[in-house]
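Knowing the structure of chain V, use the given hints to seat chain G on it.
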Amino acid sequence: MVYLTRKAEFSASHYYHNPEFSTEENRRIFGKCNNPNGHGHNYTLEVTVKGDVDPRSGFVVDLKSLKDILHREVLDAMDHRFLNKEVPEFFNQIPTTENLAIVIWQRLEPKLKQAELHRVRVYETPDLFVDFYGEA
Amino acid sequence: MKAHLTRRYLFSASHRLHNDAMSAEENAATYGKCNNPHGHGHNYALEITVSGQVDQRTGMVCNLVDLDGFVQQEIIERFDLQNLNVLPEFSKSVPTTENLCIAIYDILQRGFKHAHPEKVRFEETMMNSFEYAGGKELIV
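These protein sequences, in sequence, are chains V and G.
For the first sequence, this note's numbering assigns the number 44 to the initial residue and increments by one for each residue that follows.
For the second sequence, this note's numbering assigns the number -8 to the initial residue and increments by one for each residue that follows.
Same shape as in the complex, but just chain V:
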């Protein structure tokens, strides 16, 4: 079993707000992230897949096809977007880094044919990242 990680970067804006909370509660829990005009990050995404090395190609996965899937499913949908308003998964859930990792997993997992998705890591800043392994 070999693990392969592909990295990509995208920039997007978001804000944290739960309509079920009162204004005060939203402000207390989410702090500055509650500003309704949003704010932005340069996200770094690391997608790790695992599989056996194909004896003929020497590949775990065709990197070109992995890159195409990443672009189609994630970057085209999220790069230079306002996540709350432009990515359907975030119309009804808060675009925290936790939820972003889960949504990216859910977008990629059904599209990967050759190798199995192992981990989605999303850096919101160099000092903060979330890992999702597809665990319930």
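It is worth saying that the hints were derived from the structure and are not from the lab.
Please note that the accuracy of each hint is not assured.
[To be verified] Straight line, CA to CA, 30 Å or less: simulated DSSO-like cross-link-like pairs of lysine-lysine:
1. -7/G with 93/V
2. 50/V with 93/V
3. -7/G with 156/V
[Unchecked claim] One side only, chain V facing chain G, incomplete, derived with CB under 7 Å:
4. 65
5. 67
6. 178
The beta-carbon is built from N, C-alpha and C at its ideal position, and this holds for glycine as well.
Same frame as chain V, but now just chain G:
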């Protein structure tokens, strides 16, 4: 859904690697330059990984304000700009970065209740790093 969240912190401290149970020659042979009696310092980068269910109402594993507050009070304020050898955590062990990982993990395990402490990772310099997950196998 269970997710893992990692936050990175920086602090600086000095230490000397020396074991009283060893002879002077053995200490010098084992620890080399790190056995210098006057000690030396590092800028440590500390990565703390916690895990838990993503709260459906907040979208969070835990509120970063709680994690930052705990780490600031229980770790940074106690270890930053200190000589590790004189801290109670190292009264019976050598303050290698391996033992530092274990000491920090224990502090989290005992006191941090907002999420499950999963792993502590230290970069002592740009060239080396250490990880401890409470004796569990590390996941990639």
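Hint by hint, here is what the structure shows:
1. -7/G with 93/V: holds (20 Å)
2. 50/V with 93/V: holds (15 Å)
3. -7/G with 156/V: It holds: about 24 Å lies between the C-alpha atoms, which stays within 30 Å.
4. 65: With a closest approach of 13 Å, the residue 65/V hint is violated.
5. 67: violated (15 Å)
6. 178: The hint holds - residue 178/V has a Cβ within 7 Å of chain G, the shortest such distance being about 4 Å.
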